[in-house]
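Student: Letter by letter, the chains look like this.
Protein chains: 8
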Amino acid sequence: MTLKVYLSGEIHTDWREQIIDGSKDLDVSFGSPVTDHAASDDCGVAILGAEPNKYWHDHKGAMVNAIRTRKGIADADVVVVRFGEKYKQWNAAFDAGYAAALGKSLIILHRPDHAHALKEVDAAALAVAQEPAQVVDILRYVLHGTLPS
Amino acid sequence: MTLKVYLSGEIHTDWREQIIDGSKDLDVSFGSPVTDHAASDDCGVAILGAEPNKYWHDHKGAMVNAIRTRKGIADADVVVVRFGEKYKQWNAAFDAGYAAALGKSLIILHRPDHAHALKEVDAAALAVAQEPAQVVDILRYVLHGTLPS
Amino acid sequence: MTLKVYLSGEIHTDWREQIIDGSKDLDVSFGSPVTDHAASDDCGVAILGAEPNKYWHDHKGAMVNAIRTRKGIADADVVVVRFGEKYKQWNAAFDAGYAAALGKSLIILHRPDHAHALKEVDAAALAVAQEPAQVVDILRYVLHGTLPS
Amino acid sequence: MTLKVYLSGEIHTDWREQIIDGSKDLDVSFGSPVTDHAASDDCGVAILGAEPNKYWHDHKGAMVNAIRTRKGIADADVVVVRFGEKYKQWNAAFDAGYAAALGKSLIILHRPDHAHALKEVDAAALAVAQEPAQVVDILRYVLHGTLPS
Amino acid sequence: MTLKVYLSGEIHTDWREQIIDGSKDLDVSFGSPVTDHAASDDCGVAILGAEPNKYWHDHKGAMVNAIRTRKGIADADVVVVRFGEKYKQWNAAFDAGYAAALGKSLIILHRPDHAHALKEVDAAALAVAQEPAQVVDILRYVLHGTLPS
Amino acid sequence: MTLKVYLSGEIHTDWREQIIDGSKDLDVSFGSPVTDHAASDDCGVAILGAEPNKYWHDHKGAMVNAIRTRKGIADADVVVVRFGEKYKQWNAAFDAGYAAALGKSLIILHRPDHAHALKEVDAAALAVAQEPAQVVDILRYVLHGTLPS
Amino acid sequence: MTLKVYLSGEIHTDWREQIIDGSKDLDVSFGSPVTDHAASDDCGVAILGAEPNKYWHDHKGAMVNAIRTRKGIADADVVVVRFGEKYKQWNAAFDAGYAAALGKSLIILHRPDHAHALKEVDAAALAVAQEPAQVVDILRYVLHGTLPS
Amino acid sequence: MTLKVYLSGEIHTDWREQIIDGSKDLDVSFGSPVTDHAASDDCGVAILGAEPNKYWHDHKGAMVNAIRTRKGIADADVVVVRFGEKYKQWNAAFDAGYAAALGKSLIILHRPDHAHALKEVDAAALAVAQEPAQVVDILRYVLHGTLPS
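Protein sequence lines correspond, in order, to chains A, B, C, D, E, F, G and H.
Numbered according to the UniProt record's numbering, the first sequence spans residues 1 to 149.
Numbered according to the UniProt record's numbering, the second sequence spans residues 1 to 149.
Numbered according to the UniProt record's numbering, the third sequence spans residues 1 to 149.
Numbered according to the UniProt record's numbering, the fourth sequence spans residues 1 to 149.
Numbered according to the UniProt record's numbering, the fifth sequence spans residues 1 to 149.
Numbered according to the UniProt record's numbering, the sixth sequence spans residues 1 to 149.
Numbered according to the UniProt record's numbering, the seventh sequence spans residues 1 to 149.
Numbered according to the UniProt record's numbering, the eighth sequence spans residues 1 to 149.
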């Protein structure tokens, strides 16, 4: 069994690398959005032409990014969404809702102080973790039935 | 044609009333989450028993609320999601993602200063408005083909 | 908003009547399996012809009952499944799994001593209650946002 | 043609091994829940943190296990569910209902004395067997069209 | 609960009238194909223009009839398919397969001497009856839980 | 049986009125796009704010119109698409493809000289007509089984 | 592009072999029901236990065969159904209806004298052929765009 | 991640070759309709028999081509549709609508002068490009997150 896991959300820390590194011995294939912030913001206009209006600049980029994120989520068995300390991160919550409606298994990753604000998102999840290492433990358990010692 | 519209998101201003009042002469049926903040937070424990742990207190409430919100979104033709000035409002973005994955027509309502943070959410919408009156104008146009004079 | 609620499971106590009576002032339409035990067991052979083999006797009845239960679950917004004190009640758990796979909002109703044995079923539910009155409270809250005083 | 088969239900006898051993020469890939009872009960708290309340202890574990079982059932062509002699086994019946609603081919495995209690579950199945060897015979027939001599 | 029932198959006897008459006191709405044989054969060319080639004459009619039969089956809760004594009746078996794939509850109506030839069709059904009166008994039981006296 | 019919395509002749008038005695409910050309072109900017760039002017309008057309097609049993003599009418062909993918019964209405260019569209249809009166004849036949005299 | 083709229907001539042989140089994977008539009739009782009643003997076999045929059709891109000269062949028409409802591309194979009786089945097909060699020509064209010389 | 891309629409220029050549270093698999115009027009009659009536000649061909195009679109992650300078190209717009209804990521490729006529098609797309090289840039960005330098 190969587990397909999509890593959505916060892009300012190395949580994705921690999960991918920790899963090296597991049969998991990972997907994620483009995490290069500048490229992600500008991809629309860089490829399809400049827009003087910032709204349409953003819009063209968000649409191109959606080609990747929709496929990533649609192909996944498990969608992990991390909420970081800063920013609104509405795209993370949007991805969580999108994945929930498709019946994907959701794992939400956040610090305890965000728990109240994330209660509706957590309520749609099969696991709520605080540390990337816990996500690795879950993936290992799901694949092999072994618990962390 | 009756249009079924679900009004999701911010609960601290009267935007829902503005839309419902403005649509009085239209064949629209509206749904919404429970907007009584205290009831919404406590419904789980008030009905199903107290929880000493705040996380499970919240969780029980979020699950009971999901009975209403899932039906509200599933039954809707159009889902309007308003993002206010304050708070994280991750449940609003979650609802937007959930509705998008179900193929609902999305209208997003927010002030221009949130545009960059909401670009992925806006990119999934068929209309992005700033004022409740614009939502009424859209509903009137969708039903009757008439534009505001 | 009319809420369609299917009441599945135990047929030896008056829990369905309690819920239906308690919901008299609510806009709820209820469905349920045939709760006349003898009719439910014999409907297949009574209508379609006797079977000397008890297995096929049961099978014919279970199939005819499935015409009703499948429609009941498919039409419902909310599926309530009650597990009683006695018997295997595998059909109740089967209905819960069936409803969960269809994305229905599940409410499970059982005494605390069954909690461990029902943990997988409860994990698929949006509410786990012990008393029929709690189900009524949930339905009232879902429809009107009001909590029990 | 590779047949994907998920083996759900009773975990106290070696019925899974009998089927897997008997199918060694067949193009079948098998999935199953975690069958280490202790790990299965404790996976939630072992990974995500202890819960003083037994209900939430169980709940966290059941949710983590659901990541594996949902994928197992969703990926399967055939779901075999075995009901043993003891325990309530509501999770087995839940899996059967879940698989039935997804349109999976169901094979139910149980002793004759459970036939009446399982009649609704059996009625959703394409085969009802008593011995693991019969399941192997079915898989061989489905793949190669050959009957046991 | 209104039960929507589609009556497919044989058009040379009055079995539909028997079922509809017998169900007069039941909350059932019936659908059926056009049973005027000549109109059914010629509807395509009568409306859309003559075809010298008999194959396309038939084809145009079959396509126009499909507008009605597809809606009839898609809208139904229960699809009854009757196989008569004569003719190939491949359209009846086609409708049964179509309804089965949509998850409709199937009732097959035929004389015992067709049982072997219809075994795959019967295997997809929830009831196999010989007489129209048995179908009425099933509909009454499904709606009211009462058996024929 | 009420038949829900969506009338898509050409907006420069009175073909919709002809069909609606001809169906006055039939149980049909009709839907259509906004056929006021100017309103349809300008609805986006009139409601949501002006755009100096013609592309985004058009885009905003097309998105708002999609709220109506998507619901119209999704709710329909039958989608009639008329191709007129002039213009590219790519939105008509788009609607036909959209409706085909949703499994709607398609009726295509066009003059014979467009037959070759429309062969892929016609191939997805259940009827290809030249005159609005033929569509009325089809609707009457589908509802009542009667042919034009 | 690998094309998955399921060959349903008549089992008394070598039409499957003709198609498979003719497609040796094409990237096609073929599926089919068990075509050993005796094994197909007896598989249920041979594996799951004898039935004195012929109806249940047939039923058990038809159910076991359905495990194979449902997967075969569900996995296929193209379903070819051949109707032979003899027998009722209701299972062939059932498979055609089942495949049509799943949106599979249907090719029907029969002699011209069956055209009128098969008109509803043919109307759901993308191609109606008379000879197995024509099916091979279609598969080659679909894969490579080349026509028979 | 392999990206499956279907290239629909205009067949008179080498835009497909430009995209395929430009993507040589990317993990993309391409599909397309048969682009040999004569073969595409005649495939139906060449394989299944001549038709004196041009309409049925075209129809048979369009149906056989649909076997390929439906699979191509259904299998794709991304559907690119190019509108050229000439012809009605209704099949291109039909494919765009079909792909949109299936939730595929759409990229539309056309010259600016067609923008107004294509506004409804563009509104369903995630990217609107003018040059094949831009499509290659999008595919590279979607796969690797790198922008054109």
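Since the hints were derived computationally from the structure, they do not count as laboratory data.
Where a beta carbon is used, it is the ideal one built from N, C-alpha and C, also for glycine.
Please note: incorrect hints may appear among the correct ones.
[What the hints assert, rightly or not] Here are some chain F residues the structure puts well away from chain H; computed CB gaps all over 10 Å: (1) Lys4; (2) His12; (3) Thr69; (4) Asn91; (5) Asp95; (6) Arg111; (7) Val121; (8) Asp122; (9) Ala123.
[What the hints assert, rightly or not] Here are the in silico distance ranges between beta carbons for each label pair: (10) D:Glu85 x B:Thr2: 51 to 57 Å; (11) B:Leu26 x D:Asn53: 56 to 62 Å; (12) G:Gly103 x H:Ser29: 36 to 42 Å; (13) F:Asp21 x E:Asp14: 50 to 56 Å.
[Claimed, not checked] Straight-line distance between alpha carbons at most 20 Å, and here's what the computed PhoX-like set of lysine-lysine pairs gives: (14) C:Lys86 x B:Lys4; (15) C:Lys71 x E:Lys71; (16) B:Lys4 x F:Lys88; (17) G:Lys88 x D:Lys71; (18) C:Lys86 x D:Lys4; (19) B:Lys4 x F:Lys54; (20) F:Lys4 x E:Lys4; (21) A:Lys86 x B:Lys4; (22) H:Lys88 x F:Lys88; (23) D:Lys54 x D:Lys4; (24) D:Lys4 x G:Lys86; (25) H:Lys88 x A:Lys4; (26) E:Lys4 x E:Lys54; (27) H:Lys24 x H:Lys4; (28) E:Lys71 x E:Lys4; (29) C:Lys71 x E:Lys54; (30) A:Lys88 x B:Lys4; (31) F:Lys88 x H:Lys24; (32) A:Lys71 x H:Lys86; (33) G:Lys88 x D:Lys4; (34) G:Lys4 x E:Lys86; (35) E:Lys86 x G:Lys71; (36) E:Lys71 x F:Lys71; (37) D:Lys71 x C:Lys86; (38) D:Lys88 x A:Lys4; (39) G:Lys4 x H:Lys71.
Student: Determine for every hint whether it applies to the structure shown.
Tutor: Tested hints:
no., hint, in the structure
1, Lys4, "17 Å, holds"
2, His12, "14 Å, holds"
3, Thr69, "8 Å, violated"
4, Asn91, "4 Å, violated"
5, Asp95, "6 Å, violated"
6, Arg111, "13 Å, holds"
7, Val121, "5 Å, violated"
8, Asp122, "7 Å, violated"
9, Ala123, "4 Å, violated"
10, D:Glu85 x B:Thr2: 51 to 57 Å, "55 Å, holds"
11, B:Leu26 x D:Asn53: 56 to 62 Å, "49 Å, violated"
12, G:Gly103 x H:Ser29: 36 to 42 Å, "22 Å, violated"
13, F:Asp21 x E:Asp14: 50 to 56 Å, "37 Å, violated"
14, C:Lys86 x B:Lys4, "44 Å, violated"
15, C:Lys71 x E:Lys71, "18 Å, holds"
16, B:Lys4 x F:Lys88, "33 Å, violated"
17, G:Lys88 x D:Lys71, "41 Å, violated"
18, C:Lys86 x D:Lys4, "36 Å, violated"
19, B:Lys4 x F:Lys54, "32 Å, violated"
20, F:Lys4 x E:Lys4, "17 Å, holds"
21, A:Lys86 x B:Lys4, "36 Å, violated"
22, H:Lys88 x F:Lys88, "6 Å, holds"
23, D:Lys54 x D:Lys4, "35 Å, violated"
24, D:Lys4 x G:Lys86, "36 Å, violated"
25, H:Lys88 x A:Lys4, "43 Å, violated"
26, E:Lys4 x E:Lys54, "35 Å, violated"
27, H:Lys24 x H:Lys4, "14 Å, holds"
28, E:Lys71 x E:Lys4, "12 Å, holds"
29, C:Lys71 x E:Lys54, "42 Å, violated"
30, A:Lys88 x B:Lys4, "29 Å, violated"
31, F:Lys88 x H:Lys24, "35 Å, violated"
32, A:Lys71 x H:Lys86, "33 Å, violated"
33, G:Lys88 x D:Lys4, "33 Å, violated"
34, G:Lys4 x E:Lys86, "36 Å, violated"
35, E:Lys86 x G:Lys71, "32 Å, violated"
36, E:Lys71 x F:Lys71, "18 Å, holds"
37, D:Lys71 x C:Lys86, "32 Å, violated"
38, D:Lys88 x A:Lys4, "33 Å, violated"
39, G:Lys4 x H:Lys71, "10 Å, holds"
In terms of the numbered hints stated before, the structure departs from hints 3, 4, 5, 7, 8, 9, 11, 12, 13, 14, 16, 17, 18, 19, 21, 23, 24, 25, 26, 29, 30, 31, 32, 33, 34, 35, 37 and 38, listed from lowest to highest.
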